[in-house]
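Undergrad: Chains as they are written, first to last, in my numbering: chain A, 27 to 478; chain B, 27 to 478.
These are computed hints drawn from the structure, not numbers from a lab. Misleading hints may appear alongside valid ones.
For identical chains, the list gives no copy identity; a pair is met inside one copy or between any two copies.
[Stated by the list, open to error] Listed below are the simulated BS3-like cross-link pairs for lysine-lysine, each with C-alpha atoms no more than 30 Å apart in a straight line:
1) K329 x K352
2) K153 x K392
3) K153 x K219
4) K219 x K329
5) K399 x K64
6) K329 x K392
7) K399 x K352
Number of protein chains: 2
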Amino acid sequence: MNQAHVEDLTRFLRFPSVSTDPERRQDVRACAQWLAGKLAAQGLQTRCEETGGHPIVVARNEHRAGRPTVMIYGHYDVQPVDPVALWDSPPFEPRIENGIVFARGAADNKGQILAHVLGVGETLAEKGGLPVNLIFVIEGEEEVGSTHLESFLTAHRDELRCDVVAVSDTGMVAPGVPTLTYGLRGIAAMELKVTGPATDLHSGIFGGAVANPLTVLSRLLASLHDAQGRVAVPGFYEDVAPLADWEREAWRTLPFGDAEIQRLTGVPALHGEAGFTSLERLWARPTAEINGVGGGFQGQGSKTVIPREAFAKLTFRLVPNQDPQKILASVGAFLRAQCPPSVRLEVLDGHCGEPYAADPHSAHGKAAQGALKSTFGRPVALIREGGSIPIVNTFRRVLGVETLLLGLALPDCRAHAPNENFPLENFFAGIRLNRALLEELAACSPQTDSAR
Amino acid sequence: MNQAHVEDLTRFLRFPSVSTDPERRQDVRACAQWLAGKLAAQGLQTRCEETGGHPIVVARNEHRAGRPTVMIYGHYDVQPVDPVALWDSPPFEPRIENGIVFARGAADNKGQILAHVLGVGETLAEKGGLPVNLIFVIEGEEEVGSTHLESFLTAHRDELRCDVVAVSDTGMVAPGVPTLTYGLRGIAAMELKVTGPATDLHSGIFGGAVANPLTVLSRLLASLHDAQGRVAVPGFYEDVAPLADWEREAWRTLPFGDAEIQRLTGVPALHGEAGFTSLERLWARPTAEINGVGGGFQGQGSKTVIPREAFAKLTFRLVPNQDPQKILASVGAFLRAQCPPSVRLEVLDGHCGEPYAADPHSAHGKAAQGALKSTFGRPVALIREGGSIPIVNTFRRVLGVETLLLGLALPDCRAHAPNENFPLENFFAGIRLNRALLEELAACSPQTDSAR
Chain A
27 MNQAHVEDLT RFLRFPSVST DPERRQDVRA CAQWLAGKLA AQGLQTRCEE
77 TGGHPIVVAR NEHRAGRPTV MIYGHYDVQP VDPVALWDSP PFEPRIENGI
127 VFARGAADNK GQILAHVLGV GETLAEKGGL PVNLIFVIEG EEEVGSTHLE
177 SFLTAHRDEL RCDVVAVSDT GMVAPGVPTL TYGLRGIAAM ELKVTGPATD
227 LHSGIFGGAV ANPLTVLSRL LASLHDAQGR VAVPGFYEDV APLADWEREA
277 WRTLPFGDAE IQRLTGVPAL HGEAGFTSLE RLWARPTAEI NGVGGGFQGQ
327 GSKTVIPREA FAKLTFRLVP NQDPQKILAS VGAFLRAQCP PSVRLEVLDG
377 HCGEPYAADP HSAHGKAAQG ALKSTFGRPV ALIREGGSIP IVNTFRRVLG
427 VETLLLGLAL PDCRAHAPNE NFPLENFFAG IRLNRALLEE LAACSPQTDS
477 AR
Chain B
27 MNQAHVEDLT RFLRFPSVST DPERRQDVRA CAQWLAGKLA AQGLQTRCEE
77 TGGHPIVVAR NEHRAGRPTV MIYGHYDVQP VDPVALWDSP PFEPRIENGI
127 VFARGAADNK GQILAHVLGV GETLAEKGGL PVNLIFVIEG EEEVGSTHLE
177 SFLTAHRDEL RCDVVAVSDT GMVAPGVPTL TYGLRGIAAM ELKVTGPATD
227 LHSGIFGGAV ANPLTVLSRL LASLHDAQGR VAVPGFYEDV APLADWEREA
277 WRTLPFGDAE IQRLTGVPAL HGEAGFTSLE RLWARPTAEI NGVGGGFQGQ
327 GSKTVIPREA FAKLTFRLVP NQDPQKILAS VGAFLRAQCP PSVRLEVLDG
377 HCGEPYAADP HSAHGKAAQG ALKSTFGRPV ALIREGGSIP IVNTFRRVLG
427 VETLLLGLAL PDCRAHAPNE NFPLENFFAG IRLNRALLEE LAACSPQTDS
477 AR
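Work the whole structure out from these sequences, hints included.
TA: Printed below as a string of structure tokens:
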């Protein structure tokens, strides 16, 4: 174990680079500057790009014509630490126990991005150069919606031209199992507001003669699914790309399935759309989820009111080739058509993100698989994930390239939660993965000439 | 206009006798003592009965054998004043404008009970005695659930034996329209809690493979009604006493109906059980109302969670001859039978109150109608009300007598709300009503000998 690398990691983790907290603004900047210094010390041409928000750290080696250009993307900002009382040790005082480092940001995403930085440093130190043209883009606003990333990419499109992007901010299906994520779900958000009487009414005096907004809302929400767990909005599944046979087959043999999902979630029994396995439901099927509902009396005991209004917050997770705007329009029309004249329904469309899928069997995909396999010495799990990573669509849209998602975090790394952690084993695997990945990608034909 | 009576009213209204507020405990007591002094000054034998909570003011004339005994019940405690900023003048500084007195408690119930006290005082002053045996029971805990009333009635059952109770704490259907309320709905409260995962889950990562407690709850709540607005719980209507023909007929001609209900509530359109008018739905049909629902993210924007739990607060308004406990059991069984194994459902039964109906054409009912008609000079509206007044069942159960509900408050008296008010016209009508009522009741045959 290279002790200097561990010291770099703990130094990196000590910065409380909480991007959402205005009081941490200087800490975020100090973290960016430390990281830029580390990149420069490896021999890369480095700068901190000002954005109006938190800086983006950009670094590159000397680009040469005739070889592929690889962008490695990551982030140095972290989630807030609340609830801090649930941490076993202070979140910004890294603690190493049984080969696992505990600290905010350890698994999301400081451990992984630093592994890439140190991997590049090792190669440069040993060989005096990298096998590819490399660009690091490491932002400080990933946890607050990557506010300035797209405008940065757009403004520097020429400088950032590349053949592929590599990101290690996804998970491994199980310890030791190399994992390539080639698909992500999209999202469409919506808020419903049902308004009835002018003020809260006494449910004894007026109950029975007026519609209760909570009853109407419940009926609308219940209409979203049929009895088999399918989304009942007409046309909802119209554009869904069916699962390929190889995907069904590959997922069936993964060391992650119903038992692990039930254990991780703690539900009494699993539940989902009829006709699909749990992994298929999570990774390849769209959903309609209610994220919040509120209305009427929320306190202890009872209060006999018919509330004047009630709301629900919904998100739809979407899969290729669903269009978020089209889904919002279908759902809105479906709900409006059902709403009785005794209340008013407002349907407020929220943020959207496209679903994503790349071909894991493309040349870049095969290179990633090769690097993962040689790093971990096991066959690679090819998976999709149920969440959304909007930046992959940004890279596709602005730079015209696909993203390789090479997982290094374990299912119990507790990202965004107390006692976030990252095994040092995975940190060192990340360093080896970086070296293997750049070598594998060097063998792909370059599409883009980024040399200047 | 008797100015001394108006001064008594404003004096009574100045006491901030908010029974729920521990800091007002002495004010509540001072109010009881002032009221007891007023009753004693009329020549009644009076005491403040200690209860462990706020005192009950009890007063009686000299009872004589061979004549009926009438209990007049009321309360001197009032609701809190919040939100105080919405009052046009301080709630405990009575303001008279255009013949209307504005103050907390004016219409609920100080104006009405003082009218009864002053009516008795006028009769005693003029005639040296009352035509009936009279007992005043005026409590200070009506707004906090009449905590000690039942134990007081039980402990003093002999002393409080009577033929009938008269209460003026209900409403008039319209200004100037004398109103006798002969029925009230009962209530049964229930809380539902649906629990799924062990903690809130990321709705991208886990959405689709686990049941969402908010979706399950919405489906349970939606199942409470059918598409025609009927309660869909099996057996729910089994014990409902059908409306009598005379009731349907009497309610059809009231100066209160759909237009007034829509104006008072401000709903876009009325809604209710198919096959009934709005007044029938309010007064003679049971309901299932959702008083509150909560779960998941309640703040601004969106948060992509599957919440670990969700709750709903329900109340059922019941009509004769429904049994609250039986209704709770039916609803609980209906909901439990539907709940999928992917979540846990807790059904918590809450407080219950029996429905109430008396015969407005009984001897006492006719006496009340006669008094109302002579006081207001118009035919009497015979109505039920949609709310619940638990004490009427307490009087029936403990004392074995019916209660006459003689309304004096107008629909816009704003009880429990800012700018509560009571027209002085109704206050003086209440004084006349008291005199007429005792005369009419004097003609009924006594069932109970309370003389001692």
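Undergrad: Does each hint fit the structure? Answer for all of them.
TA: How the hints compare with the structure:
{"no.": "1", "hint": "K329 x K352", "result": "between (40 Å within a copy, 22 Å between copies)"}
{"no.": "2", "hint": "K153 x K392", "result": "within (25 Å within a copy, 109 Å between copies)"}
{"no.": "3", "hint": "K153 x K219", "result": "neither (62 Å within a copy, 63 Å between copies)"}
{"no.": "4", "hint": "K219 x K329", "result": "both (21 Å within a copy, 17 Å between copies)"}
{"no.": "5", "hint": "K399 x K64", "result": "within (28 Å within a copy, 95 Å between copies)"}
{"no.": "6", "hint": "K329 x K392", "result": "neither (62 Å within a copy, 36 Å between copies)"}
{"no.": "7", "hint": "K399 x K352", "result": "neither (40 Å within a copy, 65 Å between copies)"}
Checked against the numbered hints listed earlier, the structure breaks hints 3, 6, 7; every other hint is satisfied.
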